[in-house]
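**Q** Residue numbers (my numbering), protein chains in the order written: chain A, 215 to 589; chain B, 215 to 589; chain C, 215 to 589; chain D, 215 to 589.
Don't read these hints as lab results, they were simulated from the structure.
As the structure is a computational prediction, the values presented were derived from the model and not from experiment.
Check each hint, because a few of them may be wrong.
Since the list gives no way to pick one copy over another, a pair counts as held whenever it fits inside one copy or between any two copies.
Claimed, not checked - Below, computed lysine-lysine pairings styled on DSBU-like, alpha-carbon distance capped at 35 Å:
| no. | residue 1 | residue 2 |
| --- | --- | --- |
| 1 | Lys-356 | Lys-504 |
| 2 | Lys-358 | Lys-271 |
| 3 | Lys-268 | Lys-503 |
| 4 | Lys-429 | Lys-388 |
| 5 | Lys-268 | Lys-429 |
| 6 | Lys-343 | Lys-498 |
| 7 | Lys-493 | Lys-271 |
| 8 | Lys-268 | Lys-356 |
| 9 | Lys-504 | Lys-308 |
| 10 | Lys-429 | Lys-493 |
| 11 | Lys-242 | Lys-504 |
| 12 | Lys-242 | Lys-271 |
| 13 | Lys-268 | Lys-239 |
Number of protein chains: 4
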Amino acid sequence: MVVGIIGATGYAGAELVRLLSGHPKVDKLILSSVSFEGGNIEEVYPNFLGTAIKTGKTDGLLLKAEDVIASSDVVFSALPHAVGEGFAEACNKKKVHYIDLSSDFRFDDDEETYSAWYGKPYQYPELHKKSVYGLPELNRQKIKELASLGSAIIACPGCYPTGALLGIFPAMAKGLVSCEHTLIVNSVTGISGGGREPSRAFHYPECADSVTPYKIASHRHTPEIARGLSKMGKNAPPLIFTPHLAPLNRGILSTIYIPLVPEWRVTPGNTQKMLPPVKEIEDKTAEIKKLYADFYKDEPFVRILPAGITAATNRVRQSNFCDISVHIDINGAILIITTAIDNMVKGASGQAIQNMNIILGLDETTGLDAIPSLF
Amino acid sequence: MVVGIIGATGYAGAELVRLLSGHPKVDKLILSSVSFEGGNIEEVYPNFLGTAIKTGKTDGLLLKAEDVIASSDVVFSALPHAVGEGFAEACNKKKVHYIDLSSDFRFDDDEETYSAWYGKPYQYPELHKKSVYGLPELNRQKIKELASLGSAIIACPGCYPTGALLGIFPAMAKGLVSCEHTLIVNSVTGISGGGREPSRAFHYPECADSVTPYKIASHRHTPEIARGLSKMGKNAPPLIFTPHLAPLNRGILSTIYIPLVPEWRVTPGNTQKMLPPVKEIEDKTAEIKKLYADFYKDEPFVRILPAGITAATNRVRQSNFCDISVHIDINGAILIITTAIDNMVKGASGQAIQNMNIILGLDETTGLDAIPSLF
Amino acid sequence: MVVGIIGATGYAGAELVRLLSGHPKVDKLILSSVSFEGGNIEEVYPNFLGTAIKTGKTDGLLLKAEDVIASSDVVFSALPHAVGEGFAEACNKKKVHYIDLSSDFRFDDDEETYSAWYGKPYQYPELHKKSVYGLPELNRQKIKELASLGSAIIACPGCYPTGALLGIFPAMAKGLVSCEHTLIVNSVTGISGGGREPSRAFHYPECADSVTPYKIASHRHTPEIARGLSKMGKNAPPLIFTPHLAPLNRGILSTIYIPLVPEWRVTPGNTQKMLPPVKEIEDKTAEIKKLYADFYKDEPFVRILPAGITAATNRVRQSNFCDISVHIDINGAILIITTAIDNMVKGASGQAIQNMNIILGLDETTGLDAIPSLF
Amino acid sequence: MVVGIIGATGYAGAELVRLLSGHPKVDKLILSSVSFEGGNIEEVYPNFLGTAIKTGKTDGLLLKAEDVIASSDVVFSALPHAVGEGFAEACNKKKVHYIDLSSDFRFDDDEETYSAWYGKPYQYPELHKKSVYGLPELNRQKIKELASLGSAIIACPGCYPTGALLGIFPAMAKGLVSCEHTLIVNSVTGISGGGREPSRAFHYPECADSVTPYKIASHRHTPEIARGLSKMGKNAPPLIFTPHLAPLNRGILSTIYIPLVPEWRVTPGNTQKMLPPVKEIEDKTAEIKKLYADFYKDEPFVRILPAGITAATNRVRQSNFCDISVHIDINGAILIITTAIDNMVKGASGQAIQNMNIILGLDETTGLDAIPSLF
């Protein structure tokens, strides 16, 4: 199988090259880059020296996107937002699967929301009806259906929405979530999420040894998370999403505060007491954890953590796992979920490959079986 | 003036030595240490070589606590929790001010809450009635009054409560906070907060390049924050506090979600629209920011950040500042406050010195005028 | 094939578990641990949750070393120094290959040097004659020969010696090195090299954001490097080895200053000029780089870097590569070599597996084909 | 006293603002910036909010360089290289001291070397004769003399040369250094040394968790170190300088290999033995350490470390100290010196202020008495 990667020299593109070079069903990788067209990926990323090229998986040459599309069975697009619709159209015409890591197709036919947050209209509105939001844990069946029609357009989820939605889905699906109260996703990410282009915010002395929130009440992943939630339940609660930057290379840790519907709250039996009994909190936590475990029981990449362990980014590093821990606040009214993913794997390139595996009818873990690196 | 430091070789104690060595009103520092009794602080912390001793401020010798108390005009206690009450009693008898960085006196006469969270009773219950929670922005007047009586026992706030309470006080005082909904404090701290003693959690390869929450719904600073809130308003909302560990040396970043009472919410004027108008959000944000600025207008260490800037730990590093930014969620119902402090300065040793300055009638910024280090 | 790992819960042991879980020729992993005997590796390292056990490669149980030896075809020993000779003896008797990551067998029959630096005699002197220093680039043939006799004892090189020796071997072999002058190896390592046990030196706030040398003129890898050099040339120069600690998780960067014999120096043609012509320096550098490339032309894990690129630990991260760059000082008399390895892979567990592959007649890259992680 | 800072918004300039704001003899700071002319330093560096301006030391406005020169008693220039000679000329004409942090005046009248390494001629050759290399430990007297003439041009040393030269001077001055062998300075620096401008090399994900050498045998600080050495001894040995980048914010650690003249070497008494006796090495080390201590006995910022402690960047952080440790290689022929400085303080802005203090006849530690931050 010949796989093409458009935008191979950005971080997500290069991570695709790295991961796909070890994928047993990939025979050939063809790459493109606008910034380094005519060069070789080994020059841009010397860590590739003597690897993919040596194994014959790729010649490393950086072509034009058009040339990649012309020769590939599947195309990954790791371009910036708002420049790839034309390539999707080209792939669609040629009946080639288009797996997109940008936000271009994440809003299906809801052009209004997309335009409101991204400031531009759809270029090929019809194309968006042929796309699917590629979160396998939500849309596996739809992805397969679309693929069976010959050419799928897969909108891989954003990094933050992946970690957030996987932490909320079971609660939504089981009717635990009160829509009368606000649901809060508080996330901390590593710097690789900002991409390869140098800027002040990601200049080492400005971000090392420091933590800061950014784009409060204005990050574009907010409507994407909200939209994902609305797919899982009839109603969805108001949502706050707050991203933070911390001095890590990889990883997103999300701490999610989910308001429980009254019937799932733990309340003080004795109204004199302010707090509900600890034992009841523990029992309800175990019950909800079981719901989560059941919900994800067939998912190869979701791990519900045992009691006493919270999600940590260094336990999923370099892997496609999403770790989830389940807690209830001492007041009994809020479910606290923590999730950890590697933003570059499950949050980007790994999940894109998981989608490819589904499209091609492969085991989903093919090429994605890395054990998280200890350090 | 002769100043004593009990527990001078822990991180907070050593930071006191560093800061007090530059305090113009301190003539002499006398130190004690259980772990290194008989040694010299220059051996424990070679960064002190040729500094405090050279200037004659201290001989660096590590004595017994009793010897420190015997010779000091003011005593700082930087001991672990639950071992210092006897020293407080000794100071009180000797009419020496006791400025305590542990949690021993943070709950005034509320022994019940203290015991529930710390697992032990008060040793000198009467003493707790003579103590004051040493958050100057809340209790400056009480601190002065207590000091005027001859010997004050100051319970310096915990690091997290300092950053949390300063972010919530103005909203509480002005009646913005709905007590019907949960208030959430989500904090990220640097590793120095864990103290000097090596352990697996703070072993470099286990915490570098990673972020993780810990003690979810169980951290001892939760009741301290709750208690602080109840001092500011008649009622206080249910509280969730979630601490996280990130790979920084210093700093606490708190992102605080404050539910607004109905009259302070921004609501969609047109019920067809889901979200309130951006302009109204902005206006209300400006209005609340002005309330915050007014509330802290005479505070030397609180900075309300200009629009477009959020709190960041590297903007308060090495200083006694608490930076605060003000935001309102796009849904209009939640006030989002971010605060940043240096956990070792405003969150510990700096605030302790601020208390000393108040006690002694000095300008509060004396010895605490360091400009935050750029990097 | 059944593979045993003694000392599976130290960092090197756990890294062996991680890497061997992905090794296609390993059917079963059996583990032991003194510290966690009776437990499961998933409890000690939650990053393993749902991985090796799920695939059936191991049950994760932590047995006694004796039980591991009893059931394994090959045994890896990742114990601290000076406690493993008995296990080697047991393996040898049972005709099981023993691949040792400690220093116990690194000095062959030179008990004098070993004792002088490690402060203890050999426990089984005869056994040391049956061992080989497992640096494949030096001893591949001997490793094979020993393995063909039925049971090999492989002394995997120390992390520093691996990076140092690979950088010096070609110069030694080709007669470039002056033995009249001192050869200097200046290395910087990440903190994982210090192992899993917490201590002050590796406590996050004590080593983050700082760099420091340690064990100057006294590190135990000094005689190991010296011994390696003496294997490659008739004479070897006096050696200085200086290790440094820097805030990284993984990696060793070695900068090596090799005094050239007169016939390989570049000298000023015009004695009036202090420095030799730049062009001649460049030409000689290219010539020596070619020697290096030739020397390693069949080595799968050594990469001679193209001009303009120096070794960097983040270009070999998570891989078994050793990157090498070649330079000549402007004075023309010193060859400067930089090498980078991942201390936990090529410097420890990866190289151990490379040895296993050789012993078993497998392609050396089996299970070791990870492309260096970009970040 | 009115102090001007040209180039106040680069890292060195901003560090000057921070340090000089706390200098008791500075009444007023006037700032300029090309990049942010017309703005305010509080906007560029929010860490200054409510600090220097509040104290009345500066209005924070960013003027033109000409305006700064017109109103200042002393001018610091923190510009990039090769753009400041004109300002030096203007200051000289106006009889204002010019303290330059760039390399423009570091080579006195040796235009040939300067041109060879910096690729341009002197603009005002006469001016260079009126300048002095501002390393107080070398040139204190000359600095004073020049200042007494009315207007000094001080060429503050580069960051690397400061740490290197202070480590070598005593050995040179006492005649310990063999000029027949190469002297090697191997340095590791933090990322702030690269300045404020974002670039790929200093982009967080590219340099975090990694160490790498750069500009091997070609860094411009090489001739500056060589020149400094030649000032201290009649002859100077060939010099190699190799800088490395490590993931720290601040600090330079230099490990210096100094070849000893025969009479200072420790040699094996018994020719049968390869290594000289440990006791003799220790005695000679103590003797040389005493020479170092004597050499620097009146220097306020040089600390000769006690036995058992090596230089570490986190022991001088935020201070103007240079820490030095003394060792001799086990072979007895090479003196190993380690030095640590904060590259932004003793390596740049702090040393510049030290020069100002000398010029003005102040105690050299005025405004520079910060104790190194523990973490």
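**Q** For every hint, state whether the structure bears it out.
**A** Taking the hints in turn, this is what the structure says about them:
1. Lys-356 with Lys-504: within (26 Å within a copy, 50 Å between copies)
2. Lys-358 with Lys-271: both (27 Å within a copy, 31 Å between copies)
3. Lys-268 with Lys-503: between (47 Å within a copy, 20 Å between copies)
4. Lys-429 with Lys-388: So Lys-429 and Lys-388 pass the 35 Å test inside a copy (31 Å) and across (27 Å) alike.
5. Lys-268 with Lys-429: between (43 Å within a copy, 29 Å between copies)
6. Lys-343 with Lys-498: This pair counts as neither: shortest intra-copy Cα distance 41 Å, inter-copy 39 Å.
7. Lys-493 with Lys-271: neither (57 Å within a copy, 38 Å between copies)
8. Lys-268 with Lys-356: Classified as between: cross-chain Cα gap 28 Å, same-chain 38 Å, threshold 35 Å.
9. Lys-504 with Lys-308: neither (46 Å within a copy, 47 Å between copies)
10. Lys-429 with Lys-493: between (39 Å within a copy, 17 Å between copies)
11. Lys-242 with Lys-504: between (43 Å within a copy, 31 Å between copies)
12. Lys-242 with Lys-271: both (5 Å within a copy, 30 Å between copies)
13. Lys-268 with Lys-239: both (17 Å within a copy, 22 Å between copies)
The earlier numbered hints that this structure contradicts are 6, 7, 9.
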